[in-house]
Amino acid sequence: MKIIVFSDRGTIKTNFAGVKRSKNFTVEYHSCIELKKKLKSTDKNTFIYIDISRHDDQERNKLLKYLSRLESCRYGIVDPEGAVKDTALLFFGGASDYIGREVFKEGITAVRINKAAAFLAPGQPPGTGARWLPEIKNFIPSGPNWSGIKSGQEYTFCLMYVELDNREALRKNLGEELITAVINSFRGYLQKSISPINGKVWMWDGFGGLILFPFDGEKCNAVLACFRLILNRKMVCVENLTFNTLFSYHIALHIGNTIYKSKGNTGTLVSDSINSIFHLGKKFTKPGNFYITKEVFKHSPEGLKKRFLPAGHFDGFEIMRMILPH
Amino acid sequence: MDIVGSSVLVRKYPAELVQSTYADIRTIVQNAVEKRNGRIWNWEGDGGLIAFYFAQKNNSAALSAIEIVHELYIYNLIGHRLDELLRVRMAVHSGQCKFRHNFGDIKSDTINKVSEIESKYTKPNNVTFSTNVYHMLDPIIAEQLVPVKTGKNSSFFKYELKWETE
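The listed protein sequences correspond, in order, to chains A and B. At the far end of the first sequence sits residue 326, using my numbering, and the numbering has no gaps. At the far end of the second sequence sits residue 166, using my numbering, and the numbering has no gaps.
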C-alpha cells in the first residue's frame, strides 16, 4: 500500500520511519501546499496523512471540510500539537485515523496503518471511496485504465451488454443494408460515449455486444454512462442514428472476472462472468431498460442509486433496474 | 436561460460556493451548445442568451436545451453542493436579429420575445418553445413537447423531464 504524508515539519520522516521499514508500504512525503494538486492523480488504494500543525484555525477548518468531501482515497490526520478539540468529528467527517500528540512522539507503526486501512468510518456511506475491501470473490482490480492490463491475465472488469431492440421488426422493415448502417452508427456512437471513461467494445455480434471497462474496486463510472444512454435515447436517435426513426435498446451492467484477451482473440475464453452478462442482457433485461447487478449498484455514485429499483433475481444475482424517463 | 431563485441562492450561500456552482452550470451549457454550433452570446452569472445560426438551428437549439435539462438533473443527483436542487428556466424562439460584436448594442424583438417567453410562460425545469420553432423541429423532438396554456392567443409548447413513477 502507498502512504503519502503531507507535512511541512522537517522531522516528519523520523515519525514515519517504522512504516517506511515495512515491506508492505511505500511512503512518500510532500509539502501541505501540494495536497490538492497531488490528490488529483492519487491512486485510490493510497492512504494519505495530513499534518495540520502548521495550519491556523481557519485553514484547519477549511482543510477538514475539504477532506470530508474527499472520495478519492482514505486519510488520517496528524496533530502533533493537539489542536483538534473534538477528534470524533474527524471520523464523522470521513477520516480513518487520527495521530495525536502521544502517538506522534512514539512513532507511527505499520500495524496501526493496517488497522486504519481496514476501518470504515461511521460517517461514510458504504460504496463511497471509503470502501476498502471488495466483496467480489477472487477480486483482481484491473486498475483505473488499460495501462496495466495484459493479454492472457485475469482481472475484475465492469462488463456492459448492450443491444438494439426489435430485431425482427428491423430485419423486416429495413433490410440488411440499412440495418448494417444503423448498427454501425449505433456502435460508433457507443464507442464515442464510452471511450472517455476507458470503455472498449470488446465483442460484437449482430445487434449488440459486450463492452469492457477497467474497474479499480471503488467506483463504477460505467453506470453513469449507461444512465445517460437511456436518458438521452431520443436525442441519440435524432442526432446519431441517421434514419430519423426512434430506435430502442437495452443495457445490462455487471462486475466480474475474466481473462483479458485482445479483441478478435476471445473465441476460446471461458468465464462465468461473461456467461452471466450475456444471459442477463439477452434473456432477462427488458427492451428499453437498463439493469444492473447488486455489485454494480454498490459501486454506483450515491446520488444515482435512488434512480434504481429492485427487479428480482437472475442467475443468482440480485438485479436492479433504472427508473425510466417517459 | 436563467437559474431559478438566483438572488435567494446568492444571499443564502457563501459567494465562493455559489460562484463555483454557477461555473458548473455554465460548463454544462457550454458543452451542450458548442457541440451543436451554438454560441453563448451573453452570460451574466446566473443565465444568458445562446444563439444558433447554421442549418438545423431549431433542432440544435432544442436538443441543446433538452440536454441541459438532463445534465442538470444528473448534476442535482450527484454533483451539486448546495442544500437544495438547482433549477433553470429556458425558452427557445427563432427570428431575425442584427448581429453586433458588442452584445449591449444589439436591439432585437426576437431577443425581447425569447426573454418574455422565458420569464412569463416558463415553469422551473421546463423549456418553452415558440410555435415557429415547434413547427420546424424533427418529429421525434416535437413528439416530446406538450402545449402550454397561456390564456392568451399566443401558444407555446414545453419540454419537461418526466419519469415513469411520476
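Please note: incorrect hints may appear among the correct ones.
As the list claims (entries may be wrong) - One-sided and incomplete, this derived list gives chain A residues near chain B with beta-carbon spacing under 8 angstroms: (1) LEU231; (2) LYS234; (3) MET235; (4) CYS237; (5) GLU239; (6) PRO301; (7) ARG307; (8) LEU324; (9) HIS326.
Said to hold, decoys possible - Calculated pairs, SDA-like style, for lysine to any residue (alpha carbon to alpha carbon, straight line, at most 25 angstroms): (10) A/LYS305 / B/VAL69; (11) A/LYS306 / B/ASN59; (12) A/LYS286 / B/GLN144; (13) A/LYS234 / B/ASN59.
What the hints assert, rightly or not - Far from chain B, some chain A residues (derived; all Cβ distances over 12 angstroms): (14) ALA17; (15) CYS32; (16) ALA83; (17) ASN138; (18) GLU154; (19) ILE197; (20) LYS200; (21) ASP205; (22) PHE227; (23) LEU246; (24) SER273; (25) LYS294; (26) SER300; (27) GLU302; (28) LYS305; (29) LYS306.
By construction, these hints were calculated from the structure, which means they are not laboratory data. For every residue, glycine included, the Cβ atom is placed at its ideal position computed from N, Cα and C.
Tested hints:
no. : hint                : verdict
1   : LEU231              : holds, 5 angstroms
2   : LYS234              : holds, 6 angstroms
3   : MET235              : holds, 6 angstroms
4   : CYS237              : holds, 6 angstroms
5   : GLU239              : holds, 6 angstroms
6   : PRO301              : holds, 5 angstroms
7   : ARG307              : holds, 7 angstroms
8   : LEU324              : holds, 5 angstroms
9   : HIS326              : holds, 4 angstroms
10  : A/LYS305 / B/VAL69  : holds, 20 angstroms
11  : A/LYS306 / B/ASN59  : violated, 32 angstroms
12  : A/LYS286 / B/GLN144 : holds, 22 angstroms
13  : A/LYS234 / B/ASN59  : holds, 13 angstroms
14  : ALA17               : holds, 39 angstroms
15  : CYS32               : holds, 20 angstroms
16  : ALA83               : holds, 24 angstroms
17  : ASN138              : holds, 30 angstroms
18  : GLU154              : holds, 31 angstroms
19  : ILE197              : holds, 14 angstroms
20  : LYS200              : holds, 23 angstroms
21  : ASP205              : holds, 28 angstroms
22  : PHE227              : violated, 7 angstroms
23  : LEU246              : violated, 6 angstroms
24  : SER273              : holds, 27 angstroms
25  : LYS294              : holds, 19 angstroms
26  : SER300              : violated, 9 angstroms
27  : GLU302              : violated, 7 angstroms
28  : LYS305              : violated, 9 angstroms
29  : LYS306              : violated, 8 angstroms
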